[in-house]
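Chemist: Note that the protein sequences, when read in sequence, are chains A and B.
Following full-length UniProt numbering, the numbering of the first sequence begins with 1 at its first residue and continues without gaps.
Following full-length UniProt numbering, the numbering of the second sequence begins with 1 at its first residue and continues without gaps.
Sample of chain A residues with no beta-carbon within 12 Å of chain B, all distances over it, derived:
no., residue
1, V148
2, D289
3, L366
Straight-line Cα separation of at most 25 Å, DSS-like style, residue types lysine-lysine; simulated pairs:
no., chain 1, residue 1, chain 2, residue 2
4, A, K61, A, K215
5, B, K170, B, K42
6, B, K170, A, K427
7, A, K427, B, K42
Think of the hints as simulated: they come from the structure by calculation, not from any bench.
Remember, predicted model here, so these are calculated numbers, not experimental data.
Beta carbons: idealized from backbone N, C-alpha and C, even for Gly.
Here is what each chain is made of, one letter per residue.
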Amino acid sequence: MSARSVDLLVIGAGPAGIAAATEAAGLGLSVSVMDEQSRPGGQIYRGIETASPKRLAVLGKDYAAGRSLTESFRSSAAEYLPDTLVWNIGSDRSVDFSRGGRAQQMNPSAILVATGALERPMPIPGWTLPGVTTAGALQILLKSSGIVRDNCVLAGAGPLLWLVATQMIAAGARPAAIVENLPRGRIVAGLRHLPGALRAREYLFKGLAMIARVKAAGVPVYANATGLAIEGSTQAEAITFSSGGRQHRIETDAIALHQGVVPNQQITRLVGAEHRWDAAQACFHPVLDARFRTSADSIYVAGDGAAINGARPAALQGRLAALLIAEDQGRRVGTERIRRLQAGIARDKSVRPMLETIYAPAPEILAPADSTLICRCEEVTAGEIRSVVDLGAPGPNQIKSMLRAGMGPCQGRVCGLAVAQIIADRKGETPEETGYYRIRPPIKPITLAELAAYAPDEDAPRAASGDAAA
Amino acid sequence: MTPAGRSGTRGFDLVVVGGGIHGSSAALFASLRGLSVAVLEKDTVARHASGTNAGGVRRLGRHHAEIPISQRSMQIWYGIADLLDDDCGFQIAPQIKVAETDAELAGLSQRAGELQAMGYDHEIILDRAGLRRHLPAISDHAVGGLASLKDGFAQPYKTTFAIQRKAMEKGARFYEHCQAGRIHRSDGVWQVETADGVFAAPRLLNAAGAWAGAIAGALGEAAPVEAIAPMMLVTNRVPHFCDAVVGAAGRPLSFKQMPNGTVVIGGGRRGRADRHANRSEILFNELQLTAETAMSLFPVMRSASIVRSWSGVEGRMPDDIPVIGPSARHEGLYHAFGFSAHGFQMGPGVGELMAELIATGATQAPITPFSIARFAV
Ligand SMILES: Cc1cc2nc3c(=O)[nH]c(=O)nc-3n(C[C@H](O)[C@H](O)[C@H](O)COP(=O)(O)OP(=O)(O)OC[C@H]3O[C@@H](n4cnc5c(N)ncnc54)[C@H](O)[C@@H]3O)c2cc1C
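Extracted from the complex, chain A is given alone in its bound form:
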């Protein structure tokens, strides 16, 4: 078998990825799209092609809007490879992937990383107990199989928390409570950005409407909650917190946590692209130029994987990135189109400063107690991390070597940000100075048998040493 080459490989079939692929294919580029899921749509439009009218009604208008995106993608000339796992990208841009149980390789001229966002880890006491999930995971169940959880407490903060609450209400599974851990004063601080945000006021109206709907449905809402903790020995039994000057305890075996979303860095880290720490949002962003290019040659990022903006701007960014990639590859592209897309993105982004001010993660989430588990795969606590930092270990990779934090199957996807922040705080540095885990392939597990059967292009790099002996 010999590895195929394409002009553009898009990784991720969410709004950014499929919009980019549709656009690039329309410009005559040969395009392949790989995604782990079996159908296009990504997280936000998951299940969109198969959703019944009833489920579409439960999930709302914004969700239904995903249909036209997937339809034009389906009718484009872009090749779509579902159920496909990208697990390595070499320095020569060769892409190793698995499909149908077989490891293969592709050699694209350019790669657009459209792998979106992940939920931020929310390490509070008991967050790893069975019965505790995330709001995003809850929503995936709802979208993909219509499953809802009864008597569920939603805890944390962020637009998604309210969205999931309204969707659960529409599905007939009213949440037991919302425990919002927004620090006091956030709304007032956010209002400073109101004039700018009014450019995209429909977002604000939607947000307010969601909150009103949840309250109208009689869901108890606890505001400015602090000291969140989950009780239980083998299973979540209750959530405790203080709010309104009182200590509360709600018994429940179902809790969904949420503390906003952050760019998924696994692929951009794997290819060694530069990243910058965003102190306000407490997350890393890949460093991009105005043409969506990372510091790694011909590797681009669009959508929430670059910075969190949401579905609509992600699709616009995907289209724009496709135009710019085509231009980088020597095609002629209409400048008016580029300008219009840029204007659309800027308009949608105008709501971000306000949202980001309001929903920046709560300080107590960023500084978990010593006894709180941080790495769930290897069961490492915040206190253990701090004590190894105190011994003199300089950063996340040494913590990983000493404690195995980030060595489990998720490779730190879940705990990475929390670990980086704990170390940085302990050392009195920024996480940018402290650095992040070195992400090593495969970024998702593959079987040994699959690797044993791996036979990429014979021309693939096969070298013992890359530089001359000195």
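Please arrange chain B with the ligand on chain A, whose structure you already have, making use of the hints.
Modeler: Positioned in the frame of chain A, the structure of chain B with the ligand alone reads:
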């Protein structure tokens, strides 16, 4: 660590270039002998081979010339927890090299005989049944093996970090993110220039791993160090089936199951090493063979998944044995580098003998085969 000034000269008895296990271990033993020591490390301690190796504490199968030093090192390993106040994750375990054919087994028997004749009895032959007593999960086709029952494994970063901390406790100073630049000697004192000022000492140890050839070369001593990147795979946790560290006589392999159930597989296959960019890259077309070998020796591995891989930059000499000893050219200059993918086990022993050599001018250890003079042009 002291805050490093921007300029000025700091004086020591010994400056070590390289904060890997060899530089750190030499610093520890030199400090124990009362020398004042500075270790200069361009990245962080154990960033390269010493923190990323397979952790094999192996005497089995060593080059004849290495055996005495490896034996001495093993004695230090047995007491490592007391020496360093850290268990380093060290565990005694058999190291076994598996023969897959009768011809391979005959080769191993010959080796065992040679070692017996030299007076070493740590390597023994296992017959078919003996092999299965130690490795019940081994494939049916394996015919026997060569074993060193009291070897072991340790955690590489934990070990090197513990050596560093103990050396600091004994007075050594470590300067990280401090690259040795131009080096010269005036009035019998080595001057090592760095961005943090000049480090001066009458004695200098080059323990710069894959980068040591450049340092030796700049001082007029040829040392053809190749940068290599041995690669390792890690699987998900699988039920306990293997207590030994396993190699193969006929194909490259190092295989061990960790106490937590994950299996670490490596041995021989190399990725791409880039010593200028300070990094290495995994080449899966090479690892394909590693996966094949592991599955054919241990059929239980067929259903395992690979969760991670890694590699590290290591220095290799053309004859696959290190350079250990005094410079052939300059007084006060010493070398310990080029451990060719098997220097972790030797770290404590080589550090001890280098400290002896540096402090007293001589060592009982048989280091002649490792002289840098063998590469003189
Ligand atoms: C994947 C892998 C698996 C291995 N498995 C085993 C095993 O199972 N058993 C075993 O015994 N051995 C094993 N080895 C080999 C072993 O790791 C090495 O032989 C040993 O660690 C070498 O130690 P060192 O101190 O010489 O080199 P290093 O650890 O590379 O240290 C040299 C240091 O010098 C620093 N440096 C270089 N130039 C400068 C400069 N100009 N200024 C300042 N600092 C400088 C470098 O940054 C580096 O940190 C393995 C190696 C690898 C990579």
